[in-house]
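A.B. asks: Letter by letter, the chains look like this.
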Amino acid sequence: MSVYEAVIGLELHVELATATKLFCSCPNEFGAEPNTNVCPVCLGLPGSLPVLNARAVELALRLAEALDFDVPDRSIFARKNYFYPDMPKDFQISQYESPILSDGRLEVDGATVGIERAHLEEDTGKTVHMGGGGRIHDAEHSLVDYNRAGVPLMEIVSRPDIRSAEQARAYVTELRGVLKAIGLSDVKMEEGSMRVDANVSVREAGAAEFGTKVEIKNMNSLRSLGRAIEHEIERQSAMLDAGERIIQETRHWNEDDGTTHGMRTKEGSSDYRYFPEPDLTPVAPTDEQRAAVRGALPELPAQQRSRLVALGVPEAAARTIVEAELTTYTTSATVSTATTADVANWVQGEVLARVNAEDADPEEKLPAARLGELVDLVAEGTISRAQAKEVFDQVWGTSKVPREVVKDQGLAQVSDEGELAKVIDDIITANPKESDAYRAGDDKARGKLQGFFIGQAMKATGGKANGQLLKKLLDDRLG
Amino acid sequence: MTQTALDIAADVRARRRSAREVVDEHLATIEAREGEVHAFNAVLAEEARRTADAVDGSIAAGDDPGPLAGVPVVVKDNMCTRGIPTTCGSRILEGWRPPYDATVVERLREAGAVLVGKTNLDEFAMGSSTENSAFGPTGNPHDLARVPGGSSGGSAAAVAAGFAPLALGSDTGGSIRQPAALCGVVGVKPTYGLVSRYGLVAFASSLDQIGPFASTVADAAAALDAIAVPDPRDSTCIPDARPAYVEALQTGADGLRVGIVEELTEADGVEPEVRNAVERAASVLEAGGAHVDRVSVPSAVYGISAYYLIAPAEASSNLARYDGVRYGLRVEGEDVGTMNARTRAAGFGDEVKRRIMLGTYALSAGYFDAYYGKAQKVRTLIIRDFARAYETHNVLLAPTTPTVAFKLGEKTSDPLAMYLSDVCTVPSSLAGHPAMSVPFGTGADNLPVGVQVLAPPLAEVIMLRTAQALEESVR
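Chains S and V, in that order, are what the protein sequence lines are. Its first residue numbered 1, the first sequence is counted upward by one per residue in this note's numbering. Its first residue numbered 480, the second sequence is counted upward by one per residue in this note's numbering.
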C-alpha cells in the first residue's frame, strides 16, 4: 500500500448581499411569493436588456482588497448557452475568459491557498416538480419560480493548494469570515446562500504530477464537506491500491450513507457556446472606485484576531469570537486591558450560548457596556464569579443594570475586613487540628487546607464572603 | 404629395388642423390601400383616434403636446408596445402582449406622435424582402408585384404609400436603408448606441439599431430628435447629449469632402443605373462646392461574410428563449425537451431556423476561433479601414442596394442571392457607424433608386446635411 497525498481545489458559489438583482432592480430577497420579484429583464422577456448592478461590482472590488486579487482593467460578461426551463433566456450571463478578479490568495492557519479567479454571474429560477414524489421523471407537471432568476452570484475558484479535508474546512471557514466581514454575502451554507464543490485527486506522496480529479457536489454543510472529501480520498486511494484507474467525473455526495456516487451524465460533454455578452459593456473599475473601496474596507477576520490577541484575548477565544462576529461587542465591553481576558471569557461562554440559542443580537439583549460593568464587579471584588452568573441571567434581555441588581438584591460580597476576621477567627478556634496542620504544612498541604477554611467561611456567610480577602486573612493568622 | 411630419405638427400645434382630422385622413388612406400593400400586422385605428383626441385635448387646454404633435407614426412589429401584440412576424410569439413599451415608443408618445400601427417585417428581422413574415409578404407601393425590401419592409411601404409620414424600423445589416431605397423614401440607421434598443426584440444585439423612415430628410431629423436620447435601461446606449438634429440641419454641400467607396460602388451585381445614380449624386455635391474623389475601404468586401457569422451567432443565443415555457406558442410534448423542440419547429420559419443553425455552428467548440473569432477580426479591420477613409473625408457615398426592387418570389429559393442584396449596407453596420439612404431618381422600370450616405460615428448632422443637399437637387 502506498502513501497518498490529496490535492484539493474548492469552488465556492455565494449569493451576493445586494438589495437588488444583478441586472435589474427587482429585490434580491429570499422567501417572497413565487414570481412576485420579477420584471421584463429577469424574466428575459423579448426586448429587455440587462444593466449591471454597480453594487455587485463594488462588492467584488472589496473582495479584491481583502484577498489581494488582481483587478483587470477590463473584464467582460459572456453568455453561457443551454436550454433549461428555469433559465428565462435559455442562456446565463456569466463570466468566462475574462473574470472580474484573478489571482488572489488567502492565509489559512499559516499556509497560503491561491485563488485562481472570482467571477460574477446570475442565478437561475427554481423548478418545483408536482406529483410523483417531487421527482422530475415521475412528476405530473412542473412549476417554475423566477424570483431567484437574476440574483447575483459570485464563484470563487481556489487553486489546487489544499491538502486535507481539515484544511478544506479551515479554508472555507476563513473565506466565509472574510465574505461576511466585507458584507459580500450572508454565506449561509445551510440556507443555500453558499455552496461548495470540491475537486479532489490523490497522488503518491512526493509525486510532481497531479492525479485524475473528481468533482464532488451536493455538500450542504461544512461537516459534510469534510466528510465527503475524506471519503473521496479513501475511495480514490483504495482504487489506486487495487490498481484501478480514477475516472474524471462529477460525483454526488450522499449525506445519508456517507458516500459519493457518480452522476449519470449525457453522452459527450456540454458545449455552452460561450461568447461575449453584446448587451453589456466591459466592466472597467476606475482607480477612484478602487481607492474608495480600499479606504472603507472593514477589518478582516485575521486582523480582528490579531487585535483581540494584542488586547490580551487568548488565541482560541479570539478565533471563536471573530467567527461569531462578536469582535466589536468584545472590544466595546472591554474597559481596561486588565479585564480583556475576562470579557472574552464571558463573550465566548455565556453571551455566545445565548446568541446561538436565541438567534439574538447581543447588543440588544445586553449592551456591551453593561457586560463590561458586570466583569468589573467581579474584578473589583464586589461580587463573586458565581454571583455574576446570577446577575447575568437577570440582566440579559432586560433593561436592568448589573450594579443596581447587585445593590437591590444585596448580592454584594462581604468585604468588610472586621466582619470577615471574626468569621475566620471563629473557624480557627473551632478547628484546632486543621489550624495546626496548616501552620506546620508545606505549600501543598496548605493549598488543600485553604480550601477547607474558605469553604467553612463561605458556608458561614452564605457564599457572600470575598474570597480574596478570606485568603489574605487566613494567611495573616496562620502563615 | 404626402404631408410631411413637420408640416402636420406645425398645423396641429397652431390649431390649423386637429390631430383627429390628420389621423382620420391617414386611416382612410390605409383603408383604401392596405388590402393590396399589406404593410401592417396591426392597424390600431381606435387607439390612434383616442391618442389624437388626447393630443387635441391637451392643445385645447393650452399645453404643448410635443414637437411631433398629432403626427401619425408606425413602428416595426419587433418593438414592444404595451398590451398590443408584438409578433416579430413570427408564429412563435403567438398571443404574446408585452407588458411594457419600448423606449422609442415611449419617446414617440411623449413627443405627441400618434401610433397608428405595427408594421410587417421579415421574421425576427431576418431577410431583405419582407417575404419571410409568417403573416405574408408586403408589396412595394411603386409596383405591387415587387418586394418593398426588408426586413423593415412594412415601415418603408407605409411611408411610401402615405399611410404615415414617419415610421420606425430596425437595421441590423441594412434593414432600414435597403427597403428605404427600394420604396423611394429616406431611411436612417444611426450610430450604434444613439437610439435605445430597450424594447426592440433582439436579432443581433451588437448590430441592431433603431432608426426612422420619412419622406424628407428634415422629417427623419425630427424623428431622431424624438428618439435619440440617452437611456439607462440600455447599457450600450451612448450617455452623452445629442445635437438637436432639425436645428442643426444645414443646406448646401459647400466645403464637404466626399468619397465614393470604390469597393461598394464597383461590387459584383451593382446595376449600371444604380452606379450612375451614385456618380450623379457625386456630381451634384461637387457642383454644390464639395470636394469629391474615390476612396478605398478594402475590407468592406468581406463584410457579408463576417456579417453572416456574427449576426446568426448572436441570433442563435437571442432566440433561444422562445422555448414554449413562458409565453407565445407551445406545442406539447411528453417531456420538456420534446416540447421545446416541437414548439421551435412549428414556431420558426425556414430562414430563422437556417440562421439559428448557422450561428450555433459558428459558436461551437472547435469552430469558434475559425468563424466567430475571425469574423470579429474582420470587423476590426473594417472599422480601421473606415477610420482611414474618414481621416480625409467627411462623408462617403455608395449605392444602398445593388438593384432596384426585385420581384416577389424572385430570390426566395436562393438565400445567398438574397443575402447579397445587403452587400453595400453591411459594412457600416459592422463598424457601428451611421449611414442613410436618400431617394435619388429612378432606375430600371422607373423604380426608385437610393444613394447611401455613410458617415463616421456620431456624425449624423453632416450625414443629414449631405442627404438634404441630394434631396434638394431632385425635388
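It is possible that part of the hints are untrue.
With a straight-line Cα cutoff of 25 Å, these simulated DSS-like cross-link-like pairs (lysine-lysine) come out [to be verified]:
| hint | chain 1 | residue 1 | chain 2 | residue 2 |
| --- | --- | --- | --- | --- |
| 1 | S | Lys80 | V | Lys890 |
| 2 | S | Lys433 | S | Lys471 |
| 3 | S | Lys80 | V | Lys832 |
| 4 | S | Lys444 | S | Lys389 |
| 5 | S | Lys180 | S | Lys213 |
| 6 | V | Lys886 | S | Lys80 |
| 7 | S | Lys444 | S | Lys407 |
| 8 | S | Lys448 | S | Lys464 |
| 9 | S | Lys433 | S | Lys389 |
Keep in mind the hints are simulated off the structure, nothing from the lab. Since this is a predicted model, take the numbers as computed values, not measurements.
A.B. asks: Given the hinted pair lysine 444 of chain S and lysine 407 of chain S, is their Cα-Cα distance within 25 Å?
C.D. replies: violated, 38 Å
A.B. asks: For a C-alpha distance cap of 25 Å, please report whether lysine 80 of chain S and lysine 832 of chain V respect it.
C.D. replies: holds, 20 Å
A.B. asks: For the pair supplied as a hint, lysine 80 of chain S and lysine 890 of chain V, confirm whether the alpha-carbon distance does not exceed 25 Å.
C.D. replies: violated, 36 Å
A.B. asks: Does lysine 886 of chain V pair with lysine 80 of chain S here, judged by a C-alpha cut-off of 25 Å?
C.D. replies: violated, 41 Å
A.B. asks: Holds or violated: lysine 448 of chain S with lysine 464 of chain S, Cα cutoff 25 Å?
C.D. replies: This hinted pair holds, its Cα atoms lying about 21 Å apart.
A.B. asks: Hint check: lysine 433 of chain S vs lysine 389 of chain S, CA-CA at most 25 Å. Holds or violated?
C.D. replies: violated, 36 Å
A.B. asks: Straight-line Cα separation of lysine 433 of chain S and lysine 471 of chain S no greater than 25 Å?
C.D. replies: Distance of about 19 Å is within 25 Å: holds.
A.B. asks: Just to be careful, I want the Cα atoms of lysine 444 of chain S and lysine 389 of chain S compared with a cutoff of 25 Å; is the pair within it?
C.D. replies: violated, 30 Å
A.B. asks: Holds or violated: lysine 180 of chain S with lysine 213 of chain S, Cα cutoff 25 Å?
C.D. replies: violated, 30 Å
Violation of the numbered hints given earlier is confined to hints 1, 4, 5, 6, 7 and 9; the remaining hints are satisfied by the structure.
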